[in-house]
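*Asks:* So the chains spell out like this:
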Amino acid sequence: GAVVSQHPSWVICKSGTSVKIECRSLDFQATTMFWYRQFPKQSLMLMATSNEGSKATYEQGVEKDKFLINHASLTLSTLTVTSAHPEDSSFYICSARDGRGANTGELFFGEGSRLTVL
Amino acid sequence: AQSVTQLGSHVSVSEGALVLLRCNYSSSVPPYLFWYVQYPNQGLQLLLKYTSAATLVKGINGFEAEFKKSETSFHLTKPSAHMSDAAEYFCAVSKGSQGNLIFGKGTKLSVKP
Numbered sequence: 001g002a003v004v005s006q007h008p009s010w011v012i013c014k015s016g017t018s019v020k021i022e023c024r025s026l027d028f029q030a031t032t033m034f035w036y037r038q039f040p041k042q043s044l045m046l047m048a049t050s051n052e053g054s055k056a057t058y059e060q061g062v063e064k065d066k067f068l069i070n071h072a073s074l075t076l077s078t079l080t081v082t083s084a085h086p087e088d089s090s091f092y093i094c095s096a097r098d099g100r101g102a103n104t105g106e107l108f109f110g111e112g113s114r115l116t117v118l
Numbered sequence: 119a120q121s122v123t124q125l126g127s128h129v130s131v132s133e134g135a136l137v138l139l140r141c142n143y144s145s146s147v148p149p150y151l152f153w154y155v156q157y158p159n160q161g162l163q164l165l166l167k168y169t170s171a172a173t174l175v176k177g178i179n180g181f182e183a184e185f186k187k188s189e190t191s192f193h194l195t196k197p198s199a200h201m202s203d204a205a206e207y208f209c210a211v212s213k214g215s216q217g218n219l220i221f222g223k224g225t226k227l228s229v230k231p
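Chains as they are written, first to last, in the working numbering: chain V, 1 to 118; chain B, 119 to 231.
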């Protein structure tokens, strides 16, 4: 199946700094990527939809200036948490949809990135 | 709008026993339905999916699910639980093949020896 890779898996940063998380589709081209946030023992909350070559579409309540998303190529989307604060600590997961061939709606997920802001 | 309800945030079974994780959906259009599994500190792995073909769907690791339109359900089952099945399970729905996935709140499965 298709492989999505996230980096870094773990990141610890000081309050006020910015952190960039990368999401790559390794063996397919992803015209659309999704960024989710997961709080402890909770479900995944969609943050934004990232479309290659255009601006991301953010879900209601998600600050676009806080969570910058860039999808500059068909295999890479990045999420930058700007001026991070402890409340931004969470597990961030990206997913991608294969843009080629038959599309069954399946999303392929990255391994997730755990952000801890001190 | 699509939504998913998973009944039971925590299910505990004995090794070898039947696993039944419940999922009910709401959708204004014929849904695409998915079950994903998540191990601690990892992403999600697809177990199986329903995309309007056969109503009984077989997935990986011996899991299967049956789409019942009349009951708006897509329950996940496995005849005999293994210790390695202990994980968090998420049911999800999407509007066709292009929409994002809407997830249920998840069910944590524990397997007792």
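Incorrect hints may have been included.
No more than 25 Å apart at the CA atoms, straight line, and that leaves these computed lysine to aspartate or glutamate pairs for DMTMM-like [to be verified]:
#, chain 1, residue 1, chain 2, residue 2
1, V, K41, V, E63
2, B, K230, B, E189
3, B, K176, V, E87
4, V, K41, B, E133
5, B, K186, V, E52
6, B, K223, V, E111
7, V, K14, V, E106
8, V, K66, V, E22
9, B, K226, V, E111
10, V, K41, B, E206
11, B, K223, V, D27
12, B, K167, V, E63
13, B, K213, B, E189
14, B, K223, B, D203
15, B, K167, V, D88
16, B, K226, B, E206
17, B, K186, V, E63
18, V, K14, V, E111
19, B, K226, V, E106
20, B, K226, B, E182
21, B, K167, V, E106
22, B, K223, V, E52
23, V, K14, V, D27
24, B, K213, V, E87
25, B, K226, B, E189
26, B, K167, V, E87
27, B, K187, V, E52
28, B, K213, B, E182
29, B, K176, V, E63
30, B, K213, V, D88
31, V, K55, B, E182
32, B, K223, V, D88
No wet-lab data here; the hints were simulated from the structure.
In this text, all values refer to a predicted model and were calculated from it rather than measured experimentally.
*Asks:* Hey, K55(V) versus E182(B), does the alpha-carbon distance stay inside 25 Å?
*Replies:* Distance of about 38 Å is beyond 25 Å: violated.
*Asks:* Assess, step by step, whether the Cα of K186(B) is no farther than 25 Å from the Cα of E63(V), and give holds or violated.
*Replies:* This hinted pair is violated, its Cα atoms lying about 39 Å apart.
*Asks:* Holds or violated: K226(B) with E106(V), Cα cutoff 25 Å?
*Replies:* Distance ~22 Å between K226(B) and E106(V) Cα, so the pair holds.
*Asks:* Is K213(B) within 25 Å of E182(B), Cα to Cα?
*Replies:* holds (22 Å)
*Asks:* Mind checking the alpha carbons of K66(V) and E22(V) for me, to see if they're no more than 25 Å apart?
*Replies:* holds (16 Å)
*Asks:* Given the hinted pair K167(B) and D88(V), is their Cα-Cα distance within 25 Å?
*Replies:* violated (32 Å)
*Asks:* Measure nothing beyond the straight line between the CA atoms of K213(B) and D88(V); if it is 25 Å or shorter, mark the hint as holding.
*Replies:* violated (30 Å)
*Asks:* Within a Cα-Cα threshold of 25 Å, do K41(V) and E133(B) meet the stated pairing?
*Replies:* Holds - the C-alpha atoms of E133(B) and K41(V) are around 23 Å apart, at most 25 Å.
*Asks:* So if I understand the rule, the pair passes when the alpha-carbon distance is 25 Å or less; does K223(B) with D88(V) pass?
*Replies:* Given that 25 Å is the threshold and the Cα spacing comes to 20 Å, the pair holds.
*Asks:* Please work out if K213(B) and E87(V) have their alpha carbons no farther apart than 25 Å.
*Replies:* Violated, at about 32 Å.
*Asks:* Do the alpha carbons of K230(B) and E189(B) lie within 25 Å of each other, as the hint requires?
*Replies:* violated (31 Å)
*Asks:* Is K176(B) close enough to E63(V), meaning Cα to Cα at most 25 Å?
*Replies:* Not satisfied, since the Cα-Cα distance of roughly 40 Å exceeds 25 Å.
The structure does not agree with the numbered hints 2, 3, 5, 7, 11, 12, 15, 17, 22, 23, 24, 26, 27, 29, 30, 31 stated previously, though it agrees with the rest.
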